[in-house]
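Chemist: Spelled out, the chains give:
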Amino acid sequence: MSHAANIVISILFDGLAYAMFLFITSVGLSVTMGLMNFVNLAHGAFAMVGGYIVVSLTRSLGIDFVPALVIAAVLVGFISVPFERLLYRRLYKATDLEQVLLTIGLAFMAIATFTYFYGPIPKSVPLPHWLEGDINLGFRAFPSYRAFLIIVGAVLVTVLWYAFERTNIGARIRAAVDNRRMAESVGINVDRLFTLTFAVGSGLAALGGGFAIQLFGLTPYFAVLYLVLFLIVVATGGLGSLKGTLLAALVIGIIDTGGKYMFPQAGNFFVYLITVVVLLIKPAGFYGRE
Amino acid sequence: MAASESMTRSVAGEAARSRAAEFLLRRHYLRWPEALPWLIAVGCFFVFPDRMTFGSQLLIMIMFALSLDLILGYAGIVTLGHAAFFGLGAYTVALASIKLGWTEPISGVFFGGAVAGLVGIVVGWFILRYRGLTLLMLTIAFAAMLQEGGNIRSDFTGGYDGLPGLTFDPLLGHFQYDLYGHTNYWYALAALAVVFFVVRRIVYSPFGQALTGIRENVRRMHSIGSPVHRRLVTVYAISAAIAGMAGALFTQTNAYVTLTVFDFDASAKVMVMLILGGTGRLYGAFLGAAVYMIFEDKLSKMSPTFWQFGIGLLLVLAVMFARRGLLGVGDTIRRKLAGRRAP
Amino acid sequence: MTAALEVKGLNRSFGALRVTRDVDLSLEKGARHALIGPNGAGKTTLVNLITGVLKPSSGSVLLNGDDITGWSQAERARRGLARTFQINQLFRGLTVLENLCMTIGERDGNCNNMWRSAGAKRAVIDEALDRLEALRLVDDALKLVRELPYGRQRLVEIAMALAQKPRVLLLDEPAAGVPSSETHLILDVVAALDPDIAVLIIEHDMDVVFRFAREISVLVQGAVFTKGTPDEIRRNEKVREVYLGQEHHHG
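Residue numbers (this note's numbering), protein chains in the order written: chain A, 3 to 292; chain B, 745 to 1087; chain C, 557 to 807.
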């Protein structure tokens, strides 16, 4: 296999894995922001918390990695409900700035709390042996972990797409994102819908956080470091759009990976460049409503 | 219309009319409590002569927060990337001193401000067509691009290690920089006073009023014929220039600059300071920056984790209970006291 | 004689939904024209198209003979097109006086001034106070708008539109939301409007419409159903059908 083709395949593969991580973590943010118009900068904190739960479950309780991921996602999903009910709900009518400030404040508190309990040093997770090493597909070998992430991502995309497009609840969510007042007047309980999507979204974020440990290393600052990235995916994809989040995640995942391969000193430059270009052309994102 | 009415104008109406006129005519007059922050600033020189380096940095932060108040507090533009302009001013002065031999400080500050202001016009023209999340992301992305771009050309900018050991001429050809930072303190204070004077005039002018209108109800502003976009770009450029001047002063007083001036953290910090003090009040910048930096100085050394938790908690409490910041809390207290005194 | 305001073949669609269909409208100088129609007929949308809040899918808008179809809201306002909103759009956190001064300041370019204080231009304040007096709002001059009862806020809304010195004035349900004890305040103002201004009023209250209008257009599902003098409209059976259940009184 030629050297250039090898590099292209590596970029595509790693980019796809990165894109899946971005999608899983950001999709909840996109739907909740599209539904409730609520700027939630604490979303990254939910991902971070999910990651630390996985760390504790695997290291202290000896639970396997994959079950730990599921438990973390479910746990965070449940924990997020009182946050939404007691705190966020009060601010749906507040200005953007107030929502930004409140949720940043929550994120800071989360970071500080977890720094206190876990320390600032990056944590790692013990992986099952079938996730270490490579899968050999004949023409070349691929890291198993990333392949697994891609598969999980693809499954989630399918499940979510099905839930959105084919189920009753999905239809209700889409209606509410499209026109909240009209949805309410037709009898859709938007408040309960929001709590549900918020819980699922936060749970997915936790799942993404769990996957991130092996990819980027986990520190409490993860909550803010990657938040900007999630916001970029959501903004360029379009609020409340599953398709948009996926497309944005793919574009950013692959171009950022490619950029880092070929111009390592450029850092995140290309991501920001894409953001600016997309937003100037389509300010509501790829599939956002104007 | 007024001709026939004037004959039926009652005495009470006349009184109400002149009272209303007086209110607007007098609003911009300087009130004596406004002298307070300046007296305190001067006093600090004599009371804390060994903290003057900290003092200069605080004054520079106040200037930065003031620039943010113009766009956030008065025009209602929410940005998390204002450090972009601070950084532009900082690097302009640094690179000018190295590459162009431009070491005269006062003109350097103006140069830094001018560069930042010009960039502000261009950037503002593009991004101020948008609001909400779109605008927020554009501001974040712009500052981040400058930082990453600066890192790509680290041969030019010194990267994250920065450009140390910068030298500048004595102020006005006469006042040398000293180890205790005394000269820097007076320099920063004088600069802040000049900037504040200008900002205060702008805020009380009809233009400043229009900014408030844009913040309060932009739909209405469009329908009464206000050139909203032009006004926003103008104030954004002015704010960028001031932030640039603060950045220029930063480089000059530290004789050092690194790419960390563009940090997202820096943009978030100045916003927290302003919110803490109270937006749209000008003096909120003074109070917020002072309180934040003094507490940060004391507490974050003891435990950075507690400091961060405290700031987070403060933000949450501020949004829930004190949306107008410390000045707002002060207002409420004053009103309650006045209410209690009245029979 | 050039019409003060003319709308030709105006169309607007939202996706597959056509909300404005081939609307033609003409207001001569000094017109008193009422726009009526059932809820959802697209009356406010039409006003939004005329003022520039929305861009039409096709058709044109002419102000005093000039094609303003591509102009921004602010440009149209500066050329003498003023409107009031169905729900008050005021500067609620500012005083009534400031609301008016803002309007006058933007109108005559005073708001471009960054250096002198807002209070320095005495003429602006005087004019604002004159206008407030004309509407008997002087006593409220220093009150914050949000402290006023809704009816008086509605008066401020009209005062601001008048302060623009418009040649064409679009009133979107000026009495909407006003308690019935206060509607006469609004109606008196509307009745006393400068005869040179061309006025288009959207209204539901037929008493007001028949008292005020010299010409009426009926809008149904985005299209002009019929047009005529108050007498013609009153006698039109089909109009009554369209309004079944929505009229206040007939005959």
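Please note that the accuracy of each hint is not assured.
[Claimed, not checked] Label pairs and their calculated CB-CB ranges:
1) C:Asp580 to B:Leu774: 55 to 63 Å
2) A:Trp132 to B:Gly903: 35 to 43 Å
3) C:Arg790 to A:Arg168: 49 to 57 Å
4) B:Arg875 to A:Trp163: 37 to 45 Å
5) A:Ala7 to B:Arg875: 16 to 24 Å
6) A:Leu227 to B:Asp1041: 24 to 32 Å
Derived from the structure by calculation, the hints contain no laboratory data. Think of the CB as a built atom: it goes at the ideal place given N, C-alpha and C, for glycine as much as any other residue.
Chemist: Range first: 24 to 32 Å. Now tell me if the beta carbons of leucine 227 of chain A and aspartate 1041 of chain B are that far apart.
Modeler: Hint holds: Cβ distance 25 Å, inside 24 to 32 Å.
Chemist: Using the C-beta atoms of tryptophan 132 of chain A and glycine 903 of chain B, is the stated range 35 to 43 Å upheld?
Modeler: About 42 Å separates the Cβ atoms of tryptophan 132 of chain A and glycine 903 of chain B, which means 35 to 43 Å holds.
Chemist: How does the Cβ-Cβ distance of aspartate 580 of chain C and leucine 774 of chain B compare with 55 to 63 Å: does it lie in that range?
Modeler: holds, 59 Å
Chemist: Note whether the CB distance of alanine 7 of chain A and arginine 875 of chain B lies within 16 to 24 Å or breaks it.
Modeler: violated, 45 Å
Chemist: So the hint says 49 to 57 Å: do the beta-carbon atoms of arginine 790 of chain C and arginine 168 of chain A match that?
Modeler: Given about 54 Å between the Cβ atoms, the range holds.
Chemist: Does the Cβ-Cβ separation between arginine 875 of chain B and tryptophan 163 of chain A fall within 37 to 45 Å?
Modeler: Given range 37 to 45 Å: violated, Cβ gap about 31 Å.
Hints 4, 5 from the earlier list are contradicted by this structure; the remaining hints agree with it.
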